[in-house]
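Protein chains in written order, with the UniProt record's numbering: chain A, 1 to 283; chain B, 1 to 422; chain C, 1 to 368.
FYI, nobody ran anything at the bench for these hints, they're computed from the structure. Ideal Cβ placement from N, Cα and C applies to all residues, glycine included. One or more hints might be untrue.
Claimed, not checked - With beta-carbon atoms standing in for the labels, derived distance ranges: (1) E82(B) - A202(C): 23 to 33 Å; (2) D279(B) - E268(A): 22 to 32 Å; (3) Q51(A) - P204(C): 51 to 61 Å.
To be verified - Pairs of lysine-lysine, DSBU-like flavour, derived with a Cα cap of 30 Å: (4) K313(B) - K329(B); (5) K304(C) - K218(C); (6) K213(C) - K155(C); (7) K30(B) - K19(B); (8) K112(A) - K329(B); (9) K112(A) - K19(B).
Stated by the list, open to error - Which residues of chain B face chain C? A partial, calculated answer using Cβ under 10 Å: (10) Q108; (11) M110; (12) G111; (13) S122; (14) G123; (15) R164; (16) N194; (17) Y198; (18) L201; (19) Q264; (20) S284; (21) S386.
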Amino acid sequence: MALPSYASPFERFWYYAFRVICALIFFFLMAPILIMIPLSFNAEPYFTFSQKMLTLNPEGYSLRWYAELFSSDSWMRSIRNSFLIGIASTVLATTLGTLAALGLSRAHMPFKGLIMGILISPMVVPLIISAAGMFFFFSSINLAQTFLGVVLAHTALGTPFVVITVTATLVGFDHTLTRAAAGLGAPPTTVFRRVTMPLILPGVISGALFAFITSFDEIVIVLFIAGVEQRTIPREMWSGIREQISPTILAAATILVMISVALLTVVELLRRRSERLRGIAPR
Amino acid sequence: MDDQTTSSGLVTADGQPLKRSLQRAERTRKLTALALVGPLLAFLLVIFIFPIGQMMWRSVDNPQIVNAIPRTLEALQEWDGEGLPDEPVYAALAEDMRADAELPRREQWMGRMGVRLNYELSGARGAIARTSRAVDEFEPPFKEAFLDAHRNWGNPELWQILEREGRPLTASYYVAALDREYDSEGKIVLRDENRRIYVSLFGRTLALSGIILFLTFALGFPIAFYMSTLPMRYANLLMICVLLPFWTSLLVRTTSWIVLLQQQGVINNAAVAMNFISDDQRYSLMYNMQGTIIAMTHILLPFMVLPLYSVMKNIPPSYMRAAKSLGAKPWTAFRRVYFPLTLPGIGAGGVLVFIISIGYYITPALVGGQSGRMISNEIARHMQQSLNWGLAAALGSMLLVGVLILYWAYNRLVGADSLKLG
Amino acid sequence: MKTRTMTALGAAAAIMAVGGVVKADDPVNMTVVSWGGAYTESQQRAYHDPYMEANPHVTIINDDGSANALAGLRAQAQAGNVTWDLVDMLPSDAQLACDEGIIMPIDHDAMLAPAPDGTPASEDFLPGSLGECFIPQIVYSTVLTVNHEQFPDDKQPTTIEHLFDVENYPGRRALQDRPGTNLEWALYADGVPIEDIYDVLATPEGVDRAFAKLDTIKEHIVFWTEGAQAPQLLADGEVAFATGYNGRMFAASEVEGQPFDIIWDGQIVEWDGWVVPADGENVDQVMDYLYFATDTQRLADQAKYISYGPARASSAPLVSTHADLGIEMGPHMPTNPDNYYAPIVLNNDFWADYGDELRERFANWMLQ
Numbered sequence: 001m002a003l004p005s006y007a008s009p010f011e012r013f014w015y016y017a018f019r020v021i022c023a024l025i026f027f028f029l030m031a032p033i034l035i036m037i038p039l040s041f042n043a044e045p046y047f048t049f050s051q052k053m054l055t056l057n058p059e060g061y062s063l064r065w066y067a068e069l070f071s072s073d074s075w076m077r078s079i080r081n082s083f084l085i086g087i088a089s090t091v092l093a094t095t096l097g098t099l100a101a102l103g104l105s106r107a108h109m110p111f112k113g114l115i116m117g118i119l120i121s122p123m124v125v126p127l128i129i130s131a132a133g134m135f136f137f138f139s140s141i142n143l144a145q146t147f148l149g150v151v152l153a154h155t156a157l158g159t160p161f162v163v164i165t166v167t168a169t170l171v172g173f174d175h176t177l178t179r180a181a182a183g184l185g186a187p188p189t190t191v192f193r194r195v196t197m198p199l200i201l202p203g204v205i206s207g208a209l210f211a212f213i214t215s216f217d218e219i220v221i222v223l224f225i226a227g228v229e230q231r232t233i234p235r236e237m238w239s240g241i242r243e244q245i246s247p248t249i250l251a252a253a254t255i256l257v258m259i260s261v262a263l264l265t266v267v268e269l270l271r272r273r274s275e276r277l278r279g280i281a282p283r
Numbered sequence: 001m002d003d004q005t006t007s008s009g010l011v012t013a014d015g016q017p018l019k020r021s022l023q024r025a026e027r028t029r030k031l032t033a034l035a036l037v038g039p040l041l042a043f044l045l046v047i048f049i050f051p052i053g054q055m056m057w058r059s060v061d062n063p064q065i066v067n068a069i070p071r072t073l074e075a076l077q078e079w080d081g082e083g084l085p086d087e088p089v090y091a092a093l094a095e096d097m098r099a100d101a102e103l104p105r106r107e108q109w110m111g112r113m114g115v116r117l118n119y120e121l122s123g124a125r126g127a128i129a130r131t132s133r134a135v136d137e138f139e140p141p142f143k144e145a146f147l148d149a150h151r152n153w154g155n156p157e158l159w160q161i162l163e164r165e166g167r168p169l170t171a172s173y174y175v176a177a178l179d180r181e182y183d184s185e186g187k188i189v190l191r192d193e194n195r196r197i198y199v200s201l202f203g204r205t206l207a208l209s210g211i212i213l214f215l216t217f218a219l220g221f222p223i224a225f226y227m228s229t230l231p232m233r234y235a236n237l238l239m240i241c242v243l244l245p246f247w248t249s250l251l252v253r254t255t256s257w258i259v260l261l262q263q264q265g266v267i268n269n270a271a272v273a274m275n276f277i278s279d280d281q282r283y284s285l286m287y288n289m290q291g292t293i294i295a296m297t298h299i300l301l302p303f304m305v306l307p308l309y310s311v312m313k314n315i316p317p318s319y320m321r322a323a324k325s326l327g328a329k330p331w332t333a334f335r336r337v338y339f340p341l342t343l344p345g346i347g348a349g350g351v352l353v354f355i356i357s358i359g360y361y362i363t364p365a366l367v368g369g370q371s372g373r374m375i376s377n378e379i380a381r382h383m384q385q386s387l388n389w390g391l392a393a394a395l396g397s398m399l400l401v402g403v404l405i406l407y408w409a410y411n412r413l414v415g416a417d418s419l420k421l422g
Numbered sequence: 001m002k003t004r005t006m007t008a009l010g011a012a013a014a015i016m017a018v019g020g021v022v023k024a025d026d027p028v029n030m031t032v033v034s035w036g037g038a039y040t041e042s043q044q045r046a047y048h049d050p051y052m053e054a055n056p057h058v059t060i061i062n063d064d065g066s067a068n069a070l071a072g073l074r075a076q077a078q079a080g081n082v083t084w085d086l087v088d089m090l091p092s093d094a095q096l097a098c099d100e101g102i103i104m105p106i107d108h109d110a111m112l113a114p115a116p117d118g119t120p121a122s123e124d125f126l127p128g129s130l131g132e133c134f135i136p137q138i139v140y141s142t143v144l145t146v147n148h149e150q151f152p153d154d155k156q157p158t159t160i161e162h163l164f165d166v167e168n169y170p171g172r173r174a175l176q177d178r179p180g181t182n183l184e185w186a187l188y189a190d191g192v193p194i195e196d197i198y199d200v201l202a203t204p205e206g207v208d209r210a211f212a213k214l215d216t217i218k219e220h221i222v223f224w225t226e227g228a229q230a231p232q233l234l235a236d237g238e239v240a241f242a243t244g245y246n247g248r249m250f251a252a253s254e255v256e257g258q259p260f261d262i263i264w265d266g267q268i269v270e271w272d273g274w275v276v277p278a279d280g281e282n283v284d285q286v287m288d289y290l291y292f293a294t295d296t297q298r299l300a301d302q303a304k305y306i307s308y309g310p311a312r313a314s315s316a317p318l319v320s321t322h323a324d325l326g327i328e329m330g331p332h333m334p335t336n337p338d339n340y341y342a343p344i345v346l347n348n349d350f351w352a353d354y355g356d357e358l359r360e361r362f363a364n365w366m367l368q
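Throw the hints in and build the complete structure from the sequences for me.
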């Protein structure tokens, strides 16, 4: 949308003003996330840039908050818990979700609308309501304050993402391929392993990543059903924000941003690969 | 339309009528599909749907009084509802209380009844706790003994409540959740002005969600439009600015807004350093409504941009050119041609943002202060602090129904299947 | 009454048998629920660390859930899945939990250590502090604290009245999100003598008067929920005044060097202590821990780390200097005569009777 040479002065003004506005909005999106990265290297226990930091004096910077983070038992425990719970619930959610998506994509699925509604519901119901429901239910069956309880809850929250992403890759799925393989004598497991799986793999992986980040980022359910031994990183940050708000939280936050960048990159690469495989050429 | 008649005569190689064979194949496929979906469906029904149903049940469940004072309730049937009941009712109550005290402590109902009654009448718990400690020493006439033990036993209102709530189901949590109460004749009336909170809190939640919806639209539309006009390469680059916040932990984003907004925070310090304001005039940006609005707009903006962008990307630029070449001014072309085409994206993003924001809990709890509280925070308070689980369930059920209606509308509008991620 | 004696006897017998029941090499994880922040820190150093050193098989895990302790206890009892071993809570909530049977009745003399001179525990703990299910640890007070950098030197706030004087002492105020303390101060600042506060508050006119007084500063209030938030808000400059627990304010001003001044005028004094959830897994170990952690020396030790008064009379003479700073702790104790000039003793009977009504009205008032 280059500016044509015959543009009026007003159009000229609007052309540049619009770009400035957009730049400001992008700044609004990114600044809060980027700002805490330098602040996490603050040598002082404050949340603002010290004079030394602004003049780029090396004395203004230090790794003390990272040292504090990695030497704190409770932070280390929460990091371990977050990965443990995240990975366990991702494996469960991905398995259940992929199977369900395969079933849903079949033309002969009865009650499709109703079933889809139920499968998507964990994404739609406000978390506070899910948390309240699970708090009572898990308490009554001895799952509250256990790892299994948190893993099951996070699995439930993660499955809609797997269902949606895998279903999306199946939209362009050519069912004659599996029929051809079966017709050539391949048993169903082989068909799945050699034909279906490679084609839906990008969807499965990006669904799994969504499920992982959902669990990794989840706090409301953890607040209600997790005990002190199941504390995750967001739960630790929650306590930190409400109590001793020190730059250690910023160090943890910076690490989380790095993890998000890594996950985002993987998802982007997968999306492109999937589009290429399914013959949807990027414009 | 007559393939039925034609096919009924056909048979497969093994001699089966084709129709039956096809039906069987159809049934097998249906079963396979169900078997694939089954595990997840069963899992969600048990782990997710059932608990929510159970929680909603709590909003009408009312076992405390029925279990605590069965004899009293029976004796109360004779009562005309005027003034105080007669001696037999008080005697039955004494008997109920003594029987309850015989039970193991964990199975006693009297304490739970006290808590339950207190939701209806403040001070009722005190009356029950104090009386049940003294009831062993009571001697007839019981009516006098009870009236001596606590003033509330002489309060006809308490007896009306016992009669009204002495049944296994109740509507009173919903009555309270709608800022209403029962008057002395048992009619549902509006509460005193200084005790009406939930309706206005629902209103505030809707208003805040509306403001956030508007802001995400106002900020999301221009950048989605701009990205859609760029070549794919640049658009993908800018897309990272939208996706990174989307993938970044909610707690991280809330923390960074605390860093920015607090009085000694980056924004205030910058404003002081640039002499916009003096040191003692720092803005109060946090622990109030602004805090909630700013942080939530940032957090929800990607949910508006992503659907908008995917719609705009697919609007051929030739439409605008055609409109202009037919003589439309740029603004008219935009308003009459382009904008209507983006409506599905606006609808999808808008409903998404609105659904998420009316159920939001974490950000208002951390940066919202008192004026930035939303209905979820009140549900959490009743769950964890005031422990009025019935009221929490009633408020939660109302919120849930609201969200489901919105989701249904969203589904009609764009279809849940079209939900795009990332 | 019968059950209570039986339980007490049973528990006492269990303590005798501790050596035999709990094998020294069986690892035990004990979850102790407390208030977090500087307070948990003081318990860690005064009680947990020495206890774990003497009992290497025990690991104590801190949970800062005391603000929602009653909810947690109820949920765990209802589920029959008690994961908390020991809970630090306020006597008023402890009485409720006790009435509901979800925490254990305590026979103080049988379960707790006598004073060094042999005085039984029930006589050694300060009068009025013991509860049916409650073992007091400390006497603490809620005090008004100011960030003195927010006021000119010649105009520093010094009384509760100044909290309600927005004109002369501007700035936001951080108050706790519950009626207790706030209503008492509103009346005190409105001129009600301390000894009449609860009588006035028992009348509807008195309650209206307290809320009317609070109305005058309402738009300047930031509410806090958990004890650690108050000094944080004050240190960040979000507020100029904060009400808070005196021990946390002490930790912030003396240990962290924050520019805080504590105003002892109208300090509101209360107990805090332990309760034992019924049906916990490690009850024997917990009783062994409590015998140790509530003895005369240990209670005096806690005062080395935080400025709360020990709940045993015999501990008072043993209170010495701060463990890290070396300053005398006496002058920072709420019960020090220099600080105890206008104390309001929190009336738990009053709050048991009127608490629900006032809590509801306060919650509504906050939301409006």
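Hint by hint, here is what the structure shows:
1. E82(B) - A202(C): 23 to 33 Å: Given about 29 Å between the Cβ atoms, the range holds.
2. D279(B) - E268(A): 22 to 32 Å: 45 Å, violated
3. Q51(A) - P204(C): 51 to 61 Å: 57 Å, holds
4. K313(B) - K329(B): 22 Å, holds
5. K304(C) - K218(C): At roughly 37 Å apart (the allowed maximum being 30 Å), K218(C) and K304(C) break the hint.
6. K213(C) - K155(C): 22 Å, holds
7. K30(B) - K19(B): 16 Å, holds
8. K112(A) - K329(B): 47 Å, violated
9. K112(A) - K19(B): Holds, because 24 Å separates the two Cα atoms, which is no more than 30 Å.
10. Q108: 7 Å, holds
11. M110: 9 Å, holds
12. G111: The hint holds - G111(B) has a Cβ within 10 Å of chain C, the shortest such distance being about 5 Å.
13. S122: 3 Å, holds
14. G123: 6 Å, holds
15. R164: Cβ of R164(B) sits 19 Å from chain C, so the hint is violated.
16. N194: 6 Å, holds
17. Y198: 9 Å, holds
18. L201: This interface hint holds because 6 Å falls under the 10 Å limit.
19. Q264: 5 Å, holds
20. S284: At about 7 Å, which falls below the 10 Å cut-off, the nearest Cβ of chain C leaves the hint on S284(B) intact, so it holds.
21. S386: Constraint on S386(B) satisfied, holds at 7 Å.
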